[in-house]
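Asker: One letter stands for each residue in the lines below.
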Amino acid sequence: MNVDLFLFYAFATLAIGSALLVVSLKNIARALFLFFVVLFAMAGLYLFALADFVAITQIMVYVGGVLILLLFAFMLSNKELLNDLQQTTGSLFSLPTWKVLPLILFFLGIMIYGIIEWQQSTPAWMTTAIQNNTVIKSTDNNIHQLGIKFMTQYVLPFEVISIFLMMALIGASHLSRKDLQK
Amino acid sequence: MITLTHFLVVSAFIFCIGLYAVLAKKNAIMILVGIELMINAAILNFVAFGKYDKINYGGQIFALFAIVLAAAAVAVGLAIILNVYRYYKTVNPDQIRELKD
Amino acid sequence: MDFLLNISPICTAFLTVVIPLLAFLYQAIVGKKDQSGLVGTLAIIFSFVLSLLTFLDVWNAMPLSSEITWFKIGNTTFTVGILLNNLSSLMLLLVSTIAVPVHIYSKSYMHGDAGIHRYWMYLSLFCFAMLGLVIMNNLLLMYVFWELVGFASYLLIGFWYTKDAAVQANKKAFLVNRIGDLGFLIGIAIVYSQFGTLNLVTLFGNDGLIANTSVENGLWISPHNSMDAIWLTVTGISFFLGAMAKSAQFPLHVWLPDAMEGPTSVSSLIHAATMVAAGVFLMSTLFPLFNDTVLLIIAIIGTTTATIAAYFALAQYDIKKILAFSTISQLGYMMVGIGIGTWDAAMFHLLTHAFFKCLLFLCAGAVIHEMAHLKAHSKQDFDPQDLRNMGGLRHYMPQTFILMTIASLALAGFPLTSGYLSKDSIIISAFEWASAKGPMFQIVPITLIIVSIMTAFYIGRLLFKAFFSELRIKSLLGSSVDLNESPKLMLWPMYFLGICCVFPLFSFNPISYHDAWVMDGLLVQYPYETNHTAHLVIPMILTVGALSVWVLAWRWYAQGQYPLHANSLANRISLNQGYLNIFNEKIIVNSVLNLSKLSYWIDRHIVDGFIHIFINFIQQIALLSHWLDKNIVDGLVNTFGKIALLLGNFARSTQNGKLQTYLYSVFLLVIVGLVYLLLR
Amino acid sequence: MPTLSLLIFLPLLATAIILALPSRFKDVYKYIALAITAVQLVLAGMAYFSFNPTSTGINTLAGYQLVEQLPWIRLDLGTIGKLEIDYLLGVDGISMPLLVLSTFVMLMAIGASWNMKKSLKGYFALLMLLNMAVIGIFCALDFFLFYLFYEVMLLPLYFLIGIWGGERREYAAMKFFIYTLFGSVFMLLVIVGLYFSVINPLTGAHTFSMIHMMNPDNYVAGSIFALDGYQEIFGISARLIGFIVLFFAFAIKVPIVPLHTWLPDAHVEAPTPVSIILAGILLKIGGYGIIRVCFSIFPDAAAQSNWWLGLIGVISILYGAFNALAQKDLKRLIAYSSVSHMGFVLLGLASFTAEGISGAMFQMISHGFLSAALFFLVGVIYDRVHDRYIPHFRGLATIMPKYTAYVAIAFFASLGLPGFSAFIAEAFVIIGTFNSASLGTGLPRWMAIAGSVGILMSAAYLLWTLQRMFFGQTRLKGGDSWNTALVDLTGREQLILFPTLALALILGICPFIVFDQMNASVINLVAFIQQYN
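Going line by line, the protein sequences match chains A, B, C and D. Numbered per my numbering, the first sequence spans residues 1 to 182. Numbered per my numbering, the second sequence spans residues 1001 to 1101. Numbered per my numbering, the third sequence spans residues 2001 to 2680. Numbered per my numbering, the fourth sequence spans residues 3001 to 3533.
Only pairs whose alpha carbons sit at most 35 Å apart, straight line, appear in this in silico DSBU-like list of lysine-lysine:
id: 1; chain 1: D; residue 1: K3402; chain 2: C; residue 2: K2597
id: 2; chain 1: A; residue 1: K137; chain 2: B; residue 2: K1054
id: 3; chain 1: C; residue 1: K2488; chain 2: C; residue 2: K2033
id: 4; chain 1: C; residue 1: K2032; chain 2: D; residue 2: K3477
id: 5; chain 1: D; residue 1: K3328; chain 2: C; residue 2: K2032
id: 6; chain 1: C; residue 1: K2379; chain 2: C; residue 2: K2321
id: 7; chain 1: A; residue 1: K137; chain 2: A; residue 2: K149
id: 8; chain 1: D; residue 1: K3477; chain 2: C; residue 2: K2379
id: 9; chain 1: D; residue 1: K3328; chain 2: C; residue 2: K2163
id: 10; chain 1: D; residue 1: K3402; chain 2: C; residue 2: K2375
id: 11; chain 1: D; residue 1: K3328; chain 2: D; residue 2: K3117
id: 12; chain 1: C; residue 1: K2033; chain 2: D; residue 2: K3477
id: 13; chain 1: C; residue 1: K2597; chain 2: D; residue 2: K3477
id: 14; chain 1: D; residue 1: K3477; chain 2: C; residue 2: K2163
id: 15; chain 1: D; residue 1: K3402; chain 2: C; residue 2: K2163
id: 16; chain 1: C; residue 1: K2032; chain 2: C; residue 2: K2375
id: 17; chain 1: D; residue 1: K3402; chain 2: C; residue 2: K2032
id: 18; chain 1: C; residue 1: K2642; chain 2: A; residue 2: K99
id: 19; chain 1: C; residue 1: K2375; chain 2: D; residue 2: K3477
id: 20; chain 1: C; residue 1: K2630; chain 2: A; residue 2: K99
id: 21; chain 1: D; residue 1: K3402; chain 2: C; residue 2: K2379
id: 22; chain 1: D; residue 1: K3328; chain 2: C; residue 2: K2586
id: 23; chain 1: C; residue 1: K2597; chain 2: D; residue 2: K3328
id: 24; chain 1: D; residue 1: K3402; chain 2: C; residue 2: K2321
id: 25; chain 1: C; residue 1: K2163; chain 2: C; residue 2: K2379
id: 26; chain 1: C; residue 1: K2033; chain 2: D; residue 2: K3402
id: 27; chain 1: D; residue 1: K3477; chain 2: C; residue 2: K2586
id: 28; chain 1: B; residue 1: K1054; chain 2: A; residue 2: K149
id: 29; chain 1: D; residue 1: K3402; chain 2: D; residue 2: K3477
Some chain D residues well away from chain C (every beta-carbon gap over 12 Å; in silico):
id: 30; residue: K3026
id: 31; residue: V3028
id: 32; residue: L3066
id: 33; residue: D3076
id: 34; residue: T3079
id: 35; residue: Y3087
id: 36; residue: K3117
id: 37; residue: G3122
id: 38; residue: E3151
id: 39; residue: L3227
It is worth saying that the hints were derived from the structure and are not from the lab. Note that CB positions come from ideal geometry on N, CA and C, so glycine has one too.
All chains should be modelled from the sequences, with the hints used to inform the complete structure.
Answerer: What follows is the structure, encoded as structure tokens:
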């Protein structure tokens, strides 16, 4: 077993294990911090997929943005909210674990099954890519290529996303404005 | 050798965990976290497949789009949650039943 | 007088029987209001007169019989009728003759008793039943009266019903008699089955059915029917069983000593003179029915009874018990008389015995009466019937003493008394019978002679102990001994009976019983030769033996030179009546009771248990079917209902307004789609 | 005048009146019941004394008297044939005395329920319903009608025991009900079988008439119960099975050992009047049914199996007597003595001799009066102190002389003292049984001897009871309170007891009152069965 595979497994284990902890912890604050770990591990996994820029973005946007937002939202909400969030009792469960868990496991099974099935027949575009040797290699400079692609081929989506992002931010700030009526 | 299947399996796990959070958690924030997990799983798939698309870089491009959109979604979602909390004094989605007849 | 003479004997006999019944009914209706007993006494006197008329008409004349239809079953007609021949008219006279003095005696003896009206009632009932028994012409009716006398005796034994011993005794008497009654009933059934009739005239009359019956080739053939020869013997034994119970033959004699719990006057009439003799009367009536086997059995049982009872009488202390055993013993003699074929001798002995035994009882009653008075006056507690408390009574009651002596002499069979004639007749006949039969049979007459001597001894013992020497409880009483002669009303009847105890009433020849009119009247042809030596020797042996034991008894009891240990084994066995009662109680009664308990246990647990198991089984089936009904049949319906409900609930739950549920269902659908895609 | 119909439906009228009257007239009910029953007794008595004793009864309708025949149900069932059920009533020498007995005992029962307190309306209504059914059973000559009355009878009895009974009344009522129903259900099967086997020669339709069933010519050839064609069920002759089933149906009522265990329980738990009816009438229905149905319809099977019947009779006699000896409860003792005494009925019937059957009939009548009187007497003491355990009483004769006298008379009467009816009955049963061997009807002689031991035993247990309870020094379990409670018989009680015991005495002295009326029928019955011997 080579080192990268070992590292991959380490990251994968870290990601899945932390994710499991995230969903199983009662304490939301801890869960959110564990969410950090998940996101880092995910970023590490992106690296193994040769998506270094995506990994950086992941860390920047998620860890620097989303997670901070979540933490702030969590911490900024008042004490009652904090209590409520921590005192979720079982009686309020609408979908108890026994109901969800089989479904999830079943779904997981289907997916694994699907993956195994799919392994037998690699899609045509992938085989041609392998044949034409148009597969990203670890030596390629992805960031350069991505910059070109954003500004040329994907300029329209890029702009739309930008506007959408702005709208979202404005909307969010509008929504979270205090004392809307006062 | 890290094959595509490795990524797919890991993403499947993460996706399922996220799905579990969405379906089973009693807390809107954790639901949001679950959504983020699912999106991350999707992104992992994007980048894993994107490896075979050097011409268009579709996988990575859309992974980036997804990250951005997720961030936007989180921002809006949190805003909504805060408002909901203000309105209902709870963040438990079970007790928010305005959709019911 | 003409009027009376013109009445037919049937009519007088009928009236003889019915008048006591009327007296009984009168007393039953009037109850406590009439305590004098005048009606009963008058009735029995009337009966006596009528029976005398009947007797005079019938004795040594043609037998008379008259009957009316009673009822009809099938094609057989049952009749009620009266048969008057020498035998029945003699018994009729005897019963009424004994009954009269007893009634008169009772008037004084029972005076002042709280239940005296019942006494008169029962006594009349007894007289009715006893008189009826002797003149019935039909076995069924004889049986009816046979049981009725038993019933009357039951009532009279238990007259003092608050006394435990009395009610035990009357129960015992009735039950033992019942055993005999069963024999009688079975005998009747056999006779009916064999001859088709129960009429005594048809059966036993000249050229009657019995006369035309023979035993051939092991078959008992009568003009009506035939059955196995063994049934002839069974018939005899059955009837004898009846007689055994009624006449207190061993081993069914046990009731008679206990029956002494009744008033003494009753004992004298019923348990000495009349009722107990009914068995002998029955045997005499049915005599032609018995074959040799049965006769031999009768003779053996009779001898055994005579011996054992005499032995038991030796050591009794209760004055009445001695007399009771004496009665049993004498009845044994009579049975021997039947068994050896000389039923006329048996009847003769019955007749003489009735008088002297009745007198003995009445005298004993007089003694007891006085002793009881003494007890009441002195306020001391002693048993007025116990010989050990008496002694020297001849000083206080000389007339009673004389009468008692006469009766005792008659019982012991001294010459010039009636007992001498009748007892000798039986013993001598037995001797003749044994001579004809063979040397082994000599045991019977020899035993009888010994018993006769024993009889003399025990009656001597009674007499000497009670009347001689000094009053033994004098020390208890202090100075004043308040003992008197009995009242006149009691003495007269005793005198009358005393006269009847001597020979002239029965035979003008005091030596030979062959001259007795009773024997002449009944006249049985003996199947064996007369032995003149026996006629001479046996009475002499008896008289000498009796005299010598009297001397012995005088020395032992009157002079107090008793040589034996009072507690010796022989004495104890005799006193305890051979432990027969204990045997009966322990073995027979207890085993019957245990059997009954066992059968009840079986009933409760096994028979009922089966039923319960069966019911349980049914219940289990019911429960099972209930379960099936509830869970399977109903369950099916319910399952459908539940499924529908479940579906409805499920469908409802998707619309509960919860976001996550919606998500869940959506996702479920997605999975379903996915599965579909995968499995396609 | 339709006497029998009147007899049957008068009680129904009484039921209707009682039900119609509002509850505030509840004191009137008993007078209504009394009046109606008295009328019945008079009617039955008149019928009895105008009865023609020469009529033979049994198997010819002409031999019956007071016959009433009305077509009741006529149905054309097409291929199955025509259904013919008649309202057919009639009496012969067998049923006539029992009819009078029933009305008399019923009157006694009404008298005994004079002080009844609990829900009078239902009680008297049920009593009258029972009355109707019982009379109906004795009169019906159509098997369907018979069965109808037979079943109707069960219902009121079940409730009378189950509601007005003692502590374990439900148990007793249930037991009674199950036993009797068990018998009658199988009876129904045989009735149906008979129905399909028998044809009315006049109309050609299948019929339920018992008279037609008794005539061998009326059987359809090849039908299940046909006499000539030999049909088998499980390898046993069908007619024998039919006989056995019917026999057991009635024998449960008699009752026979080992099917008797309902009787002690039912008697012990039932209130006094119901005990009286049970012992006085109900048991007689068993005996009557055996004569009227078993013997008359299946004479061949009866002649074949009478050895067994005799054996059962003997066992019942002895077993009942032994059980009676072991009892401590007076009522139970009398119940077991009933088993013993009814054993004589069976033994006598099985002998197939005129003496035996007459004796058995007489025993039924005698036992009817006597057991009724005995149960009444037990009721007297139970009313006073609510206890009837023999060891709890002693020396009653001193405080209750009249009562003791009546008890003693009743005891002696039922132990077969000559002069009372039971003696005649038992003596003739024994004689008849004994005679059976000579006449060749099949009962061995030892049965007679064994049966006679029952007479001894009955004396034993009754006298022992008499001695234990009534004689000796007075000693009561309840002490002084009982001493005051145990008052002597009242006028009403004497009024009921005296005629009963007097009747037992009269019948014992003048048995021809009964024998004359039934002799022709008995002779006919014996001859009828004799053909098959």
